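Engineer: Sequence:
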Amino acid sequence: MSLQSICVFCGASPGAQPLYRQAAESLGRHLAEQGLRLVYGGGAVGLMGVVADAALAAGGEVIGIIPQSLERAEIGHQGLSRLEVVDGMHARKARMAELSDAFIALPGGLGTLEELFEVWTWGQLGYHSKPLGLLDVGGFYSKLGDFLDHLVAERFVRSQHRAMLQLGDSPGELLQTLRQWQPSAAPKWVDRHPD
520 MSLQSICVFC GASPGAQPLY RQAAESLGRH LAEQGLRLVY GGGAVGLMGV VADAALAAGG
580 EVIGIIPQSL ERAEIGHQGL SRLEVVDGMH ARKARMAELS DAFIALPGGL GTLEELFEVW
640 TWGQLGYHSK PLGLLDVGGF YSKLGDFLDH LVAERFVRSQ HRAMLQLGDS PGELLQTLRQ
700 WQPSAAPKWV DRHPD
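Numbering-wise (this note's numbering), the sequence shown opens with residue 520 and increments by one.
Hints in this document: simulated from the structure, not taken from any laboratory. Predicted model, so just to flag it, every value in this text is computed and none were measured. Beta carbons are placed, not taken as given, at the ideal position from N, Cα and C, and that holds for glycine. Check each hint, because a few of them may be wrong.
DEER-style ranges, computed between Cβ atoms [what the hints assert, rightly or not]:
no. : residue 1 : residue 2 : range
1   : 521       : 692       : 10 to 20 Å
2   : 663       : 641       : 16 to 26 Å
3   : 673       : 590       : 38 to 48 Å
4   : 645       : 608       : 14 to 24 Å
Take these sequences, add in the hints, and give me the full structure.
Structural biologist: Spelled out as structure tokens, the structure:
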């Protein structure tokens, strides 16, 4: 799969451990070195600012999308290639998805998870056929992976839909996995008949 723009979801906080910052720096730098445009939430704080600054420092193109209501809270990054201020969160997510060929989640909180799960749901419903990945920094997403496998075992998620979300320990590994990903022709729903 040809990738030109990667949307990165991540925290507006730096998190508790230095390895989260290191992973954000590594991802931003790697995207720029690969000639991939970074699309993200437009903030200058936390991991959002780190991934953007690293991509910019390595000569990359960075597009930020930030809601007007969060421009102060997340401190809209003024040094980007382009910063778009939109009306709200729905517009932010739609615009990030529109500009991106794939999605990667770094460590983050509720907003990161919400963005990831919404774009994943859009893929399940057939609204797009773009790959998604988790950068599993220090096992950050391992328990989430276990829970997602539990959803498959309990027949709330099809295995084909679970496979839409790839996992990688390094930016290079994850990007290679996303490039090789092929969409499934799985039906949208798991089971319409009660047992």
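Engineer: Hint by hint, note whether the structure agrees.
Structural biologist: Against the structure, the hints:
1. 521 x 692: 10 to 20 Å: Cβ of residue 521 to Cβ of residue 692: about 19 Å, so the range 10 to 20 Å holds.
2. 663 x 641: 16 to 26 Å: At roughly 19 Å between Cβ atoms, residue 641 and residue 663 fall inside 16 to 26 Å, so the hint holds.
3. 673 x 590: 38 to 48 Å: Since the Cβ atoms of residue 673 and residue 590 sit about 41 Å apart, the hinted range of 38 to 48 Å holds.
4. 645 x 608: 14 to 24 Å: About 23 Å separates the Cβ atoms of residue 645 and residue 608, which means 14 to 24 Å holds.
In this structure, none of the earlier numbered hints is contradicted; all agree with it.
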